[in-house]
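Protein chains in written order, with my numbering: chain H, 1 to 431; chain Z, 432 to 628; chain B, 629 to 933.
Since the hints were made in silico from the structure, they are not lab data. Please read these numbers as outputs of a predicted model, since none were measured by experiment. Think of the CB as a built atom: it goes at the ideal place given N, C-alpha and C, for glycine as much as any other residue. Treat the hints with caution; some may be incorrect.
Claimed, not checked - Label-pair distances were calculated between CB atoms; the ranges are:
#1 B:D712 with Z:I510: 49 to 55 Å
#2 B:P904 with H:T395: 55 to 61 Å
#3 B:H923 with H:G354: 37 to 43 Å
#4 H:T79 with B:E929: 56 to 62 Å
#5 H:G199 with B:L931: 44 to 50 Å
#6 B:Q691 with H:G354: 43 to 49 Å
#7 H:E380 with B:E719: 47 to 53 Å
#8 H:P89 with B:N820: 33 to 39 Å
#9 H:T395 with B:G717: 43 to 49 Å
#10 B:E765 with Z:I510: 34 to 40 Å
#11 B:D712 with H:H306: 45 to 51 Å
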Amino acid sequence: MITHQLIERIEGEAVLDFRCDKSGRIEEANIRFLHFRGMEAILEGRSALDALVIAPRVCGICGHSHLIAAARMIENAYTNAGFTFTISPKANAIREITLSCELIQNHIKWLYLVMLHESGKLLGEEPSVALKALYVSSQVNQLCALFSGQWPHSSYALPGGVTCDPTHIEVMQALKIISEVERFVEDEVLGCSAKAFEGHISSNSLLSLGGDFGKLLRQMERLELLDAGKSHGRFLVLGDNAGCIANGVRGAANSALVSEDSSQTFAEGGDTYAKNALYNGEFYETGPLSRALVTQRLGITSLYQHYGDGAITRLSARVDEIVYLISHVRFLLSSIDLSQSSFTAPSAIESISGTGVGIVEAPRGSLIHKARIEKGKIAEYSIITPTQWNLGNGTSDMLGVAQKAMIGAESIAKASLIFRTFDVCSVCTTH
Amino acid sequence: MARPTKEERKISIMTTALKLFSKEGFYQTTMPLIALNIGMSVGNLYNYFTSKEFLAKELIMYIANILGEEIRRINESLISTEEKIAAVVHMYFKIAQERPETIEYFLRVYLSNREVFRDGCEGMICVSPFVTEMMILFEEGVRIGDLRDQDFFSAFGLFMGYLGGMVFIHGEKILPKPLESYEASISENIYYALKTR
Amino acid sequence: MKPLSLKISIMPSKPAKLKIIWLQGITCNGNTHSFLNDPSLGVLLDSVEFIYHPLLPCNLTLQQLVSKVPKSDILIFEGAYKGDFERAGSEMEELLIALASKTKHIISMGSCASFGGIFKEADPEHISGILFDKENERGPLKKMREKIITLSGCPVHPKWLSFVLDMIRFGKTIAVDEFRRPTELYAYLVHNGCLRNEYFEWKVDSEAFGTKEGCLFYDQGCQGPYTHGSCNKILWNEISSKTRAGTPCLGCTEPSFPKRELFATKTYMSIPAEMPLGIPKRSYLALAGAAKSFHIKRLEERLLK
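Using the sequences plus the hints, can you model the full thing?
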């Protein structure tokens, strides 16, 4: 018998179709997304620059990543068309700061609104609104807005740089906010300093963490899920610091090996709108865990050696990324040279014909924007989102990443929670 | 006969000054000469215009207003852009013939003695009523698809340079035929140069 | 001095929390996340209660919402409307109408819900706002227009929403414009309060993106002078706005959003095709021509040397 489970609170909904054995253990899990908006078609026929306004509206929680991906795509099209232009280190640093902010606020919301909420509910807790997490997220978004003007839905990155021209006033305010965020993460999330957190990871004592993350891990332990959720152990990073890991071997990543598989979609007789994203013909996991492993971040790498890609590693990778990004943003803010130019105007967009690819490491993993441009107008647009990698819907002989992670779970409720460890985004998956 | 009002008196001074400036040039035309031609004392003239420079600026604004009013009437009439262009050409040549001092002043005094107009007539301030109407003529022509979109000054320069040049040649008595006989071909040339392709 | 007890006794008893349902049509969740940016969220949640919200903890699951179709004080609808768009198997044609007829107030949250917005572009014939389809009043909730408040914007500023919720809570009448947007929020133009206003006054164009100086209206496509919204009065994320970050206003609160060629000013022979709101072209050109004639050194130099 197939049970259809509606999953909410994931920027829309997904339907999981489970087949269980007599004990309720998951034997088969299919992932379906039933909403489709046609973002790519909306973009086609418009000026390529309009993508900087339309693309962020793919997603309310990671729209900034879509903006940067679209900007990089156009920049790549310029380069491919034989135009050279430079982006100042300042503009690059500002983009990295705002993008990092989006990741931080996403991870905090995921931790509190999704993981703590859902695992608590499974244990019979009455969920309350995580106001402190929402407040600190709003602070992170304020840091972003110091440069991007607003979050969500900024269009401040253009081919050639950024539109803002910040002063030390913005930089000093941003430094203050990042310290405030760091204090929240240490006091509330970790219950210890970032340094001590590193120690907990390497000494394998995460369960004794005092903060809300420690609470989450202990809830997962009570649910006997810390070890669950293992998947293929194949990891991919296509954006900055690209690389991939398969069969325990780390190597370079080549975006030419990316393909989309629409065999499960309605268009081809299937029952979802989501297309699968494949690398070298196989499902790979993207996101914080992949980024930590590909860049060999110490703590998460050793955790992976201990536990493989089980829930504890996947959850810790996302929290560890918050810690890493806070120090990275502080470094970028402290080293920014405001005397450099924010924007170097490229030739008119009408002079561009050709294709461009822009790849960004978004909150949930590698995000790809690809387009064919004719005289500055978008002829074709194609977006591959991180969740298309992680939430792919495969077949029994070739399971998607989250699918494989759910199989073997003791119940539908537990499988659904494992599903959420991947940080699901419905609107991105189908766009 | 009723005593003229101060405003009427001012207009009559300007009319006389306009003729003198355009005939004698800015520097040759002195305040005493203007006073003499009107038949008023130099002292009294200064009651109306505190300096020759001030008078010169008032004159260019006076002319820009006259031209602006004429083009505005054309802009507001329900005719095609091609007809509007012809109407502007006709109006311009008509003024050039009936009141040649108006156009002459613009060409020989305003454009040739920019230093006089530096202070208070920066840029196009003193000719703004006229330039504004030319902008509207062009903008509406492009908006309805009659004219080609381009930089305003490319079109403005073509239009006014052409008309000014013709009036200048006419003033130099070089033109073999009367000025108005060129109206149709000039209007057509301007329209063809500016129209959508 | 009056005794403290008297003071307390004349205070109204704590009113019941307003019951809100937040329903989504075709959306990106941008308004949901913008709403979560409200730093006074905690205070707001003391006075309202979400029967259903797509992200916050709430009484009902989506499936329960769809099967119970409960009464509410306020229905917030985010996203564009399409009759056969489903949530938990229920089509908007039925679900939205049913929830709308069982509520006292409806808030059209964002430009998709208000006019169709970006998502309308995918299927212009079938996708619209709940009351307006672009600027035409022919949406599915036409008959309930009087209880609809339009909050256009992509996204809506969290304070715009909390303002409307507070006005409803205090029983105040909300004055609205032709699109039923609260005039106190939308009578302003995005241009009002823009830090670049002096450059607009003296017609100093911004020569390129990425500078503090110059007005973005002449070349960069800024729609601030004819877009309704208090973006430069109630700042975004408490701190900034598009124009303050050098980004042109994209006109996201208007029924015409999204226009095309958003980073270039449409001109006819160098003259902006769209005039600042309510300004006759002739007046604008006369003033602009005059202002342009002056070269003001301070405005032509970098602000910080």
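These are the hints, each one checked on the structure:
no. : hint                           : result
1   : B:D712 with Z:I510: 49 to 55 Å : holds, 52 Å
2   : B:P904 with H:T395: 55 to 61 Å : holds, 60 Å
3   : B:H923 with H:G354: 37 to 43 Å : holds, 41 Å
4   : H:T79 with B:E929: 56 to 62 Å  : violated, 34 Å
5   : H:G199 with B:L931: 44 to 50 Å : holds, 48 Å
6   : B:Q691 with H:G354: 43 to 49 Å : holds, 48 Å
7   : H:E380 with B:E719: 47 to 53 Å : violated, 32 Å
8   : H:P89 with B:N820: 33 to 39 Å  : holds, 36 Å
9   : H:T395 with B:G717: 43 to 49 Å : violated, 26 Å
10  : B:E765 with Z:I510: 34 to 40 Å : holds, 37 Å
11  : B:D712 with H:H306: 45 to 51 Å : holds, 50 Å
Hints 4, 7 and 9 from the list above are not met by this structure, while the remaining hints are.
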